[in-house]
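Q: Sequence:
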Amino acid sequence: MSKSLKNNIIIDFILSGIQAFIITFLIFIMFFGFLHMFFYNVYVQYLNYYNNSPKAMMFSLMISFLIFIVSFYMLFIKKISKITDYINEICDNLKKVSSGSMDIHIPKRRKDEIGILAQEVNSMTLHLKEYLQKEKQWDTQKINMITNLSHDLKTPLTSIIGFIKLMTEEEYNEKNFKHYLNIVSAKSNDLKNSINQLFEFSKISNYDFKPKKSIISLNELAIQVLMGFIPELIQNNIEYKIVNVSSNVQILGDSYLLIRAFENIITNTIKYAADGRYIELVIGKSSEESYISFINHGEKIAEKDIENIINKYYRCEKTCNKTEGTGLGLAIVQKIMEIHNGSLYINSTNEKTEFKLIFYTNKTLSYMKR
398 MSKSLKNNII IDFILSGIQA FIITFLIFIM FFGFLHMFFY NVYVQYLNYY NNSPKAMMFS
458 LMISFLIFIV SFYMLFIKKI SKITDYINEI CDNLKKVSSG SMDIHIPKRR KDEIGILAQE
518 VNSMTLHLKE YLQKEKQWDT QKINMITNLS HDLKTPLTSI IGFIKLMTEE EYNEKNFKHY
578 LNIVSAKSND LKNSINQLFE FSKISNYDFK PKKSIISLNE LAIQVLMGFI PELIQNNIEY
638 KIVNVSSNVQ ILGDSYLLIR AFENIITNTI KYAADGRYIE LVIGKSSEES YISFINHGEK
698 IAEKDIENII NKYYRCEKTC NKTEGTGLGL AIVQKIMEIH NGSLYINSTN EKTEFKLIFY
758 TNKTLSYMKR
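Residue numbers (the numbering used here): 398 to 767.
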């Protein structure tokens, strides 16, 4: 139980007064005892003079009061110095923090507000250190983002400009003209999708963003999303299956955002793991969580890639040169799961790769790698 600083100072004040009184009393006892033992005649004369002279009595009282004040001052200052020294220690550590040094730790020596202050400074410094580390990571990601964004926007734009130039400078028959026009249209859609993903990520990353949550059936939502991909799955010769481990799995969520998350994972599977020719959706729940897993049997994702795959504009080395895109798909999924106080769990083996979205009942986590 924490004590009040004000109460501690009052207690120190009272204790200093009591101790000063005891010291004053002991000094007089020792003084008169010394006179009595070694200078008895002087002792008797002083007592007679003290009893018959009001001035002597007043003088003795003044000396006693002076001894008391000096003793009280020294004792109280010593007690207060512990507080001021502790405050100075906190200030010195704060100066280190302000100069950029985060490697500080202030021991908690008191149970009052100053001790709490020291504890809060330690906590603040720890969070600030973590924030600066994340900021450093963000700066690195920002550079990668600008580099990759420039490439991903430049590639389709260059193609569009090139084909338009060819179409305007040379004559083509209707068949070739439509072929080039289709290429321009496809590249324009790639450019549009890249810009839309960037806009969407920026939108949901905004602190002012407020999701529109309601009770949602994961089973129905999964079927709805997967049905929209059937033509594309058939075109890529990918089989699909929905496994309802639990029926009527309901969560509180934003249906629009969750649809975007599901679409991004399925799109990611079609784009990067089409060799697996199979995608499976598994939906279930327990007392602590509800979940939906997207499982494919394509090429294994390397361990180091799993660590970074949710980073903005990160793509696995083996697929970077084979596909185009902003690399924001899984970063958007991760952000959507943060909004829903859930986790994105990624696991990849030689047999299968699983993207599992977990919605916790009483727990708040954002990313988990097992």
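Keep in mind the hints are simulated off the structure, nothing from the lab.
Be careful, since some hints might not be right.
[Claimed, not checked] Now the in silico label distances, taken between C-beta atoms and shown as ranges:
#1 Glu510 with Val467: 51 to 57 Å
#2 Lys533 with Lys638: 41 to 47 Å
#3 Ala699 with Asn593: 25 to 31 Å
#4 Tyr528 with Thr758: 24 to 30 Å
#5 Glu486 with Ser614: 54 to 60 Å
#6 Ser457 with His502: 42 to 48 Å
[As the list claims (entries may be wrong)] Below, simulated SDA-like cross-link-like pairs (lysine to any residue); rule was C-alpha separation at most 25 Å, straight line:
#7 Lys638 with Glu597
#8 Lys584 with Lys668
#9 Lys589 with Gln632
#10 Lys476 with Val518
As the structure is a prediction and not an experimental result, all values here were calculated from the model.
Positions of the beta carbon are idealized from the N, C-alpha and C atoms, including for glycine.
Q: So, for every hint listed, does it hold in this structure?
A: For each hint, the structure was consulted:
The hinted window of 51 to 57 Å between Glu510 and Val467 is violated, with their beta carbons roughly 30 Å apart. The given range of 41 to 47 Å is respected by Lys533 and Lys638, whose C-beta atoms sit roughly 43 Å from each other. Hint check: Ala699 to Asn593, Cβ distance near 29 Å, so the stated range 25 to 31 Å holds. For Tyr528 and Thr758, the Cβ-Cβ distance of about 29 Å falls inside the hinted range of 24 to 30 Å, so the restraint holds.
Checked against the hint of 54 to 60 Å, the C-beta distance between Glu486 and Ser614 comes to roughly 58 Å, which is consistent with it. Hint check: Ser457 to His502, Cβ distance near 53 Å, so the stated range 42 to 48 Å is violated. With a C-alpha separation of about 29 Å, the suggested pairing of Lys638 with Glu597 is violated against the 25 Å cut-off. With a C-alpha separation of about 16 Å, the suggested pairing of Lys584 with Lys668 holds against the 25 Å cut-off.
Under the criterion of a C-alpha separation no larger than 25 Å, the hint pairing Lys589 with Gln632 is consistent with the structure, at around 23 Å. With a C-alpha separation of about 23 Å, the suggested pairing of Lys476 with Val518 holds against the 25 Å cut-off.
Of the hints listed earlier, those the structure fails to meet are numbers 1, 6 and 7, in rising order.
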